[in-house]
Every structure is written in structure tokens, then in C-alpha cells.
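Using the sequences plus the hints, can you model the full thing?
Residue numbers (the working numbering), protein chains in the order written: chain A, 1 to 287; chain B, 1001 to 1143.
By construction, these hints were calculated from the structure, which means they are not laboratory data. Be a bit skeptical, because a hint or two may be false.
[To be verified] To spell it out: a stretch of chain A is covered by chain B in this simulated footprint if at least three of its residues, at any positions, have a beta carbon under 8 Å from a beta carbon of chain B; those stretches are:
#1 71 to 82
#2 160 to 174
#3 251 to 263
A virtual CB, placed ideally from N, CA and C, is assigned to each residue, including glycine.
One letter stands for each residue in the lines below.
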Amino acid sequence: MKRLFGEFWLSGAAALTLFLFAAALPALAQEAQEGKATQHGATQAKTQAVPKGGPAPRTADGHPDLSGVWFPGTAGGFTFNPALRRQFDPKVTPEEPPPFQPWAAVKIKAMTSTDYELGRASVNCLPRGVPGMFMIDPYPFQLVQTPGLFIQLDELNNNWRVVHTDGRPHSEEPDPSFDGDEVGHWDGDTLVIDVIGIDERTWNNFTGWFHSDEEHVIERISRPSMNYLVYQVTIEDPKVLTKPWTSAPRVWTLGHEDLLEYYCTNNQDVEQYKALKAKESGGDSKK
Amino acid sequence: MQHRLPGVLVAVLGFLAWALPLSAHHSFAAEFDANKCMDLTGTFTSFEWQNPHGYFHLDVKDPSGNVTLWTFETVSLSTLKRSGTQRKDFADNVGKTVTVRACLAKNGEKNRAAAETIKFPDGQVHRIGQDVEGKFSDNAKEY
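In C-alpha cells, the structure reads:
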């Protein structure tokens, strides 16, 4: 077996270990069909959008099977082309700006581009959390679906999350965490994940969208065809927003290569930005 | 399969993009100055193959013969590998002369820059950083 399969220690009602063999089989089969010889993800940049690819596969319990390695955009892999990286067309599915309360809008407007960098959790190699794992993550992730479980393995920072999809309620008074207290259920062919208790260090975009301890995230994930995954999120935050905000539906496409190891170990940028911030404090606050 | 770009092809790719996944970790434009970019030729002395950015170092000799050690930042290893630059490309060129197109850090730190491209002794030009100057595409500020 030429591929490597990760072993992940998952905590739940009882701790269990899952091997990812089954989830990787479809990707292996398709890679073999294309006759490619990739090694741990090393490949060439993609230049074309992938076709829809026929109907989505389904699991034995009848739900669409979301499993696969998914790349943001329509290329099914890494690409230089911005048109292929784009995840939605604002002319077709416009997305309103976040409806910030006035105090929040003022706070964000006062931020400089350096503040944006220093304010992100990721500048310190911290997780992007939920919904950042989808909304501000330009790297691929692998989804593994089993009856009752949704497992997301992010290349970025080697982050992962496990969501029960049996409709169970939230924990009572969950501690804040980067991925939050998350529970899932199926709404027809769409997996709905409801998330509360999200660590306030995470942002919802790259430009200062901070949130409160009352943030409530509703994620909707579907696989309309073999090669496409669609994600849409609604964010409620009565302390920061004037009303709920819903994203445009965003697309990912099926890749045929392994995730790469991506432990964020030494981000020297943070020191660079601190020095830049100190330089700017003299009055230069270029946005 | 390697994805090595001859100079002509680099020019062709100028019409393509260079933004989101390549600079996924942060905005290079926020950290580096697009108005202070230059070609630097020197000896490739060492590198750090790590995330979220790779780094490498050049001994650069100025016209008067003084040698200065420079540090260059690249995109993440995921992006390097998927766009055709492997660790071996760096390792095989330690001690050799390369030319780097790079842009200085905005914070004023000397001898530190974001690498855009590197030309190895075999003539191959690799894109290893974000397009700070916007030569290849518009620059995606959000990343």
C-alpha cells in the first residue's frame, strides 16, 4: 500500500480510534483511473474546472456521502487561476456584508492591515476554528462520513473535528473551544451542524470579524454531485450583529491526492508584524 | 511530475493568478513592500523547510565585496509542493549561486524579504512566494 493513513485519537462519549482506510478508497480508485502518480499530494497546478461528475455517492443509510478530499474552488486541486479558486460568483449569489452593530463596525474600521494580521488566531499558529475551517481556509480538507459521525480533517494546522450527526442536543454549558460544541442532523440531503460555545479568539473572516460568546453558527453541507461540495453558513451573534448573516453557498471540488502534513510550527510573521505595528504607531496607519 | 518553469513560461503565466492558496497564511502585501522589490544574486547557504512558511538564506556580495546574509520567506510547504517546488530543489542547490526576486519587509528590518521567484543554476525559475508586485495577477489582500 503506497499511501499512508493517519490515525487519529478522537474523544467522544468514549474515546475511540478511527483508521481512515475506508474513506481513502474512493480517492485511490479515481486516482488509479486517471493514471496519475502522485506522492503525498505533490502534483501539478490544475488548469480546468472539474465536471459535475454524476450523482453523489450515498452511504448505506441513504444519506449523501460527503467523504473525500476537497479543495476550495472548482479545480479539484491546487491552481494558480483565480477564476478556479473562486468559491462563488457574487453576481449570481450575492453575499451581503456582515451586519455589524455600530460599535463593532467602528472597532473593525479602526483596524489597520497590520491589525488584521496580528488579530488572527492563525498568526500564532492557533486554529481557525468553526466556521473558519471552511470560511477562511484555502487549503484542502478531508471529510470522512460514517453512520452517525461527520469527521473533518484539515490540512491546515492538522486540525480535526468530529461531529455526531444523530440529532443529539448540545452539551449543557459547554466550555468555549475553537470548534465549539457542535451537533449535527440531516435535513433531507443536507447535513446541518449547529455550533455554540466558540472560543472568542477566532475570527469569521480575515478582516476583523470578531465574535462574542453568544455566537451561534449553523452550517449546511451538501454534495450536489460526485465532484462538488457546497457549504453555506448562518451566523447569529446578538452582541455583535444586528441580525443573522448567511453566506453565499461556496463550493469545493473533489481532489485525488493525499492531504499533506501541515503543522504550523514557527510563524516568524508575528514578530515581523509586531515590529511593523510599532513602526506604524508613529501615525502611519495605512489600511 | 515536476513543475519547473522556464523564464518564458513564467511570463506567460503572468496572465494567470497568484493569490489565495499560495499566500494562504496571511497577506504578504501587509508585511512586505511592493515598492521595494529587487533581484538579488548570491550563494544559497541554507534553508528551513517548515510551515506556515519556508525560509532560506543567501550570502549576497555587494559591489565593494562585502558579503551580507539575507533571509527570504516563501509560501507554505503545501503550496510549494503542489506548485512544483520540492525540498530536493532547495537541498540540491545549497552552496550554489541563485537569483531571487524579492520584496523588502515593511517593518524596516534589514536583509529580510519575501521571495517571489528563484532562479536556480539550471535556469529553471520557480514561483515560491506570493506575487507581491502584482506581476502575475491582482493581489488578494484577504490572504
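Against the structure, the hints come out as follows:
1. For the region 71 to 82 of chain A, the proposed coverage by chain B is satisfied: 8 residues have a C-beta within less than 8 Å of a C-beta in that chain, meeting the threshold of three.
2. With 0 residues bearing a CB less than 8 Å from a CB of chain B, the region 160 to 174 of chain A misses the requirement of three and the coverage assertion fails.
3. Against chain B, the region 251 to 263 of chain A contributes 3 residues with a C-beta closer than 8 Å to a partner C-beta. That satisfies the three-residue criterion, and the hint holds.
Hint 2 from the list above is the single one not met by this structure.
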